[in-house]
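Student: Using the sequences plus the hints, can you model the full thing?
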Amino acid sequence: MQQTPVRRPFEPVEDTAPQSPTSQRLLSKLRTRQKVMEAARSLFSEYGYEASTIRDIARKAGMSTGAVFANFQDKSDLFEAVVAEDFDRVAEVMRAAAEGSAGQPVAERLLSVFGSAYENGFTDVPLVQAGVSQSWVRPTTLETRARGRVKVLLGIVGDVLRDAARAGELRQDFDVRLVSEMLWDTFVGNYRRAAFDAWNPEQLKMRLGDQLAILVSGLKA
Amino acid sequence: MSMAEGGPLGLRQMQKLATRDRVVSAARDLFEGVGYEETTIRMIAERAGVSVGSVFTTFESKVDIFNHILFEKFELLFAELQRIFPHLKGSACDRIVSLMSIAYGVECRQLDLMISHLSASHGWPERIEAESRRRQQRFVSLFEQALAEGVKSGELRSDVDHAVFADVLLAIYLRNYRKAYYERLDPQELSALIERQVRLIFAGVKA
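As they're listed, the protein sequences go chains G and B. Residue numbers for the first sequence follow our numbering, so the first one is 1 and each next one is one higher. Residue numbers for the second sequence follow our numbering, so the first one is 1001 and each next one is one higher.
Simulated from the structure, these hints should not be mistaken for lab results. A portion of the hints provided could be inaccurate.
[To be verified] Below, simulated DSS-like cross-link-like pairs (lysine-lysine); rule was C-alpha separation at most 25 Å, straight line:
(1) 1073/B <-> 1062/B
(2) 1089/B <-> 1152/B
(3) 151/G <-> 1016/B
(4) 1206/B <-> 220/G
(5) 35/G <-> 75/G
(6) 1089/B <-> 1206/B
(7) 1016/B <-> 1073/B
(8) 1062/B <-> 75/G
(9) 151/G <-> 75/G
[Said to hold, decoys possible] Here's a subset of chain G near chain B, in silico, CB distances under 10 Å, partners left out:
(10) 87
(11) 90
(12) 133
(13) 147
(14) 190
(15) 192
Quick reminder that beta carbons are idealized off the backbone N, C-alpha and C, glycines included.
Tutor: Here's what the structure looks like:
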């Protein structure tokens, strides 16, 4: 990795050396990619996965289908890229919530971790629904990669559980992975309420709080 | 359509019912074989040997055919669960595990249909969701009944919200089908898994 030179304040900044053609091409490719992803995100959210076509996405992004295919293999590849972006953001907010709630009772910590995902993470409900719908019927290779992304989030949840076991609040002998998955299943299941009953993040969080209380009380030391 | 009004079914009504049966059975094969999303009304019509038009005279849309199949499937499962429920011995926890295990056994016989169902359920119209919830509520009411009896017998605490509790049970029960599909868990393995999960949840509500 390159070392960033330390600059004194007010030192004139000659930003970068004139860009080589390669890096310009790379930059413009990245911009195209970003534009395609934005268009795809809004169509997937509005019409769902099945009803959105590469042609529509290209039109919305203002480019040819060829330009889309230069960046993404197919629609599922594009959808995955959009979802992966959300997972990255959710991992950040969940991690911050876990750190911010350190020292609190485990049920409260879990609620702020999952609540942060409701509030600032997976906030586009139709897109979440499209993702969950897809998650039942995707090819194994996509499923394996998706599990990798979920695993990152479950790791954050698992750490909260392990902290509580270490602090003596929870039993020592429970299966952290099993419990993390059960919490995740419950968390995901609630999106049905958001989609069909127009629950807002606050309502989702309240319901999850009740569910968490039940799940956690079985683990009390 | 009533038998009382016109005596035996007229020819036209008989034909209509026959068409309906053929459409439903063709659709069931396709939803199971190629999946719900990939199946088109045209494919259903072809397989049933009827015109696209007559599919639409019997059902409003593809999702309505699907819903009809799910309805039939549910009625069979629920009748079985209801028949067995009074004979289930043991604690509330045991009885709920048994109900879920029976359901896994039945649903795994048509796993692809179940997976199509779970996938479609995140994008179907509200009227279908409403019907689906009524069915689900009947399933869940058996859990709630077991819970209520568990409270009465002193096995469970009385201050637990049964609706929330049953909600958690259902969410986990349903998500386990992912393991049946992607990891090829058979009904016995699913039963063993749900038993661990349900025991864990019950540990928190013991009296």
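Student: A separate judgement is required for each hint: does it hold in the structure or not?
Tutor: Structure-based check of all given hints:
no.	hint	verdict
1	1073/B <-> 1062/B	holds (17 Å)
2	1089/B <-> 1152/B	holds (15 Å)
3	151/G <-> 1016/B	violated (52 Å)
4	1206/B <-> 220/G	holds (12 Å)
5	35/G <-> 75/G	holds (15 Å)
6	1089/B <-> 1206/B	holds (18 Å)
7	1016/B <-> 1073/B	holds (22 Å)
8	1062/B <-> 75/G	holds (23 Å)
9	151/G <-> 75/G	holds (24 Å)
10	87	violated (17 Å)
11	90	violated (18 Å)
12	133	holds (4 Å)
13	147	holds (9 Å)
14	190	holds (8 Å)
15	192	holds (8 Å)
Checked against the numbered hints above, the structure breaks hints 3, 10, 11 and satisfies the rest.
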